[in-house]
Each structure stands twice: as structure tokens, then as C-alpha cells.
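Peer 1: Assemble chain C onto chain H, guided by the hints.
Chains H and C supply the protein sequences, listed in that same order. Take 1 as the starting number for the first sequence in our numbering and just add one per residue. Take 1001 as the starting number for the second sequence in our numbering and just add one per residue.
Since the hints were made in silico from the structure, they are not lab data. Incorrect hints may appear among the rest.
[Claimed, not checked] Within a straight-line C-alpha distance of at most 30 Å, the following computed DSSO-like cross-link-like pairs (lysine-lysine) qualify:
1) C:K1002 x C:K1053
2) C:K1053 x C:K1037
3) H:K190 x C:K1002
4) C:K1047 x C:K1002
5) C:K1047 x C:K1037
6) H:K190 x C:K1047
7) H:K190 x C:K1037
[Unchecked claim] Derived DEER-like restraints, expressed as beta-carbon distance ranges:
8) H:A160 x C:G1063: 49 to 55 Å
9) C:N1035 x H:L145: 24 to 30 Å
10) H:T187 x C:P1043: 26 to 32 Å
Glycine is no exception: its CB is placed at the ideal position from the N, C-alpha and C atoms.
These are the residues of each chain, in order.
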Amino acid sequence: MGRMDEWPGWRRWGVWLLGWVLYVGAFWMLLAIDNLAVRIIGLAGVCAGLWVLTYSSRAVLNERVRSIDRWQLRVIVPAFMVYMLLVVFVLPLVNGVAAPWLKAVVVLTPMVPVLFIAWAMVRYVNHCDELERRQHLEAAGVAVLVVSIVAMSLGLLAAAKLVVLDGALMLLMGLPALCVVYGLTCTWSKWRNRAR
Amino acid sequence: MKNRVRELREAHGWSQGALAEHLDVSRQTVNAIENGKYDPSLPLAFKLARLFKQRIESMFEPGEGR
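Excised from the complex, chain H in its bound form:
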């Protein structure tokens, strides 16, 4: 088989696409189907998808996987599994809890793996090379700018009572929105330097 980055292009892109199908499909199984066995399979699928995507995302850019990528995979996949387990199985328990302090503890439990993943991301960026660090910095800057402008625009519209927004939902969407814009900007930046 050889190293993935030396495979022919069609095979590398095929594995990358397969990784996305696996990841998105497994995520859907995990969140949309209320069946324990299906959710466990979904969780395993999400982790397998992350593994395939980490290797194939480097390979489609003719890059070999570096030791920091493998470290990130070893750390982030278990943390992500814990996060999903907490969101899917522990968070719904909040309705049966009466004491406010216990409710707060249950609701905030998923933040533990989120903080761990944030630490792992910082360590990952610190171990990237100088061009990659610049790309991450640019992506973070673009993400903050885009999300701030959208949030401020929505805030102004809501203040003028032109749109009705759910404040809690808006706050919850902050981090995912930052991650999506950050990821897209990083991908675009790497895409520009892909050619040999």
C-alpha cells in the first residue's frame, strides 16, 4: 500500500471523501436516531471518520502525517468521544435534577472535554511550522472578524425588533461558528499552497 501521500490522486481524494461521508453519516446516526446501539455505532463512526480525515487531509495536499498530527489524534478523539457521550447521555438528565447547583454542574460537564480540546489545539498550533502558524493566526483573525460582524449585525436587527432571536441559542452558536469559519479559512489557505 505504501504511504498515503504517495498514493495516486484519485485514491487519496477517494479516501478523503469517504472520510467525510463516514464522519457526517455517523454524526447523523449519533444525534438523530434515538437508539442506544445505533448511537454507539455512530460514536465509533465519528471517531473513525476523524482518524481517516486527519490522514487523508494531509495526503490530498501531498503531505505526510507528522508526529504532532498523530498526537492530536490520540488526544482529541478520546476527548471528543467523552464530549459526545456527555452531550447525548448526560445532558438530557438535567430535566430530572431539582437542585440548581447540581443542574449547573450537569449542564457544564461537557465544558471539561471542550477545554481539554482547546488546550490540545493550542499545543498543536505551537508545534506547527512557521507558515502553518501564520495560517492559523490568519484563520483565527478572519473567524473573529466574520463572527463578530455577523453577531453585531444580528444584535442591531434584534434591538430594532426586526428579527426575534433566541439569546441562549445565539450564545451557544458562537464557538461552532468560530470553528467553522476558522476551518474554512485554514483549508483555503492550505489549498493555495498545495501545488508542487
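Peer 2: What follows is chain C alone, placed relative to chain H:
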């Protein structure tokens, strides 16, 4: 900044990936340097010069890079 990285790499018969492994950077960084899209830091420029046994000023010269 103009540079002779591609010329020296090809003279050694290395691929971009092989040079990237020697420098402990990603292949896209080597690609960006060769194409003048990115000017390396001083430590990386010295690493390149040492690897190719060149004087740094013979590898890099001011000019239009990007």
C-alpha cells in the same frame, strides 16, 4: 525575496517532501518558499543554507517575491 531553493533542491535530487523532512517543516512551506509566496524566518533560512552548504546571501537576495 528571490531564492535558489528549488534549484538547489533539484540539484540534490530531492522532492519537496524530502526537503521538508530534512527541515522538519511541511511540504507546503517548502513549496511556498520556492514560489516566493513566503519568506522564511532567519532560523529557517540558516537551516536551509547549512543543509545545502551555501552562504545565506548566495541563497536569498532582495527582490520581488510575491
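Peer 1: All hints are to be evaluated individually against the structure, with a verdict given for each.
Peer 2: Now for the hints, and whether the structure bears them out:
1. C:K1002 x C:K1053: holds (18 Å)
2. C:K1053 x C:K1037: Judged against 30 Å, a Cα distance of about 24 Å means the pair holds.
3. H:K190 x C:K1002: Status holds; Cα separation ~22 Å.
4. C:K1047 x C:K1002: holds (17 Å)
5. C:K1047 x C:K1037: holds (19 Å)
6. H:K190 x C:K1047: holds (23 Å)
7. H:K190 x C:K1037: holds (12 Å)
8. H:A160 x C:G1063: 49 to 55 Å: holds (53 Å)
9. C:N1035 x H:L145: 24 to 30 Å: Since the Cβ atoms of N1035 (chain C) and L145 (chain H) sit about 27 Å apart, the hinted range of 24 to 30 Å holds.
10. H:T187 x C:P1043: 26 to 32 Å: Roughly 28 Å apart at Cβ, these two residues keep to the hinted range, so it holds.
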